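The sequence shown lines up with residues 1 to 73 when you count with this note's numbering.
You may find that some hints are simply not true.
[Stated by the list, open to error] Computed beta-carbon distance windows for the label pairs:
no., residue 1, residue 2, range
1, A63, G33, 30 to 38 angstroms
2, G66, G23, 14 to 22 angstroms
3, T64, G33, 29 to 37 angstroms
4, G66, G33, 29 to 37 angstroms
5, T59, K39, 19 to 27 angstroms
[As the list claims (entries may be wrong)] Straight-line C-alpha distance at most 25 angstroms; calculated DMTMM-like pairs for lysine to aspartate or glutamate:
no., residue 1, residue 2
6, K39, D19
7, K39, E21
8, K29, E61
9, K29, E46
10, K29, D50
11, K39, E60
12, K45, D19
13, K29, D19
14, K45, D32
15, K45, E21
16, K39, E61
17, K39, D50
18, K45, E60
19, K45, E61
20, K29, E60
Just so you know, the hints here were simulated from the structure itself, not pulled from any lab data.
For clarity, every value in this text was computed on a predicted model and none was experimentally measured.
Where a beta carbon is used, it is the ideal one built from N, C-alpha and C, also for glycine.
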Amino acid sequence: MTATHAWGTGYRFGVLVADRESGALGVTKSLDGRTYTIKGVPGGKEWTADMSRLRLATTEERATLGLSPRSMD
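Model the full assembly from the supplied sequences, consistent with the hints where possible.
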């Protein structure tokens, strides 16, 4: 679920992530430098976050949204 950029490793677009500061869950939409635009789920509110604030959503967080565990591709 990660992609390599000139400055290191980041996330693919469309990946469910958690914001470490707010705890909000969202899907990565775009990347500008080290800043992602995230679309929140549920609700759809967008915000931006530095890649250092993000982590992949856990299996438990995915389950709260009715999603299956992530694949390991």
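Taken at face value, is the distance from the CA of E21 to the CA of K45 at most 25 angstroms? holds (16 angstroms)
Quickly compare the C-alpha distance for K29 and E46 to 25 angstroms and report which way the hint goes. holds (9 angstroms)
Please work out if K39 and E60 have their alpha carbons no farther apart than 25 angstroms. holds (19 angstroms)
Could you grab the alpha-carbon distance between K39 and E61 and see if it respects the 25 angstroms cut-off? Since the Cα atoms of K39 and E61 sit roughly 16 angstroms apart, the hinted pair holds (cutoff 25 angstroms).
Starting from K45, check that the Cα of D19 is at most 25 angstroms away, please. holds (13 angstroms)
Are K45 and E61 close enough, with their CA atoms no more than 25 angstroms apart? Measuring from Cα to Cα gives roughly 18 angstroms; hence the hint holds.
K45 and E60 were given as a pair; does the straight-line alpha-carbon distance stay at or below 25 angstroms? holds (22 angstroms)
Is K29 within 25 angstroms of E61, Cα to Cα? holds (19 angstroms)
Range first: 19 to 27 angstroms. Now tell me if the beta carbons of T59 and K39 are that far apart. holds (21 angstroms)
Between T64 and G33, does the beta-carbon spacing fit 29 to 37 angstroms? holds (31 angstroms)
Would the pair K29 and D50 pass a check requiring their Cα atoms to be no farther apart than 25 angstroms? holds (13 angstroms)
Could you grab the alpha-carbon distance between K29 and D19 and see if it respects the 25 angstroms cut-off? Distance ~14 angstroms between K29 and D19 Cα, so the pair holds.
Checked against the numbered hints above, the structure breaks none of them.
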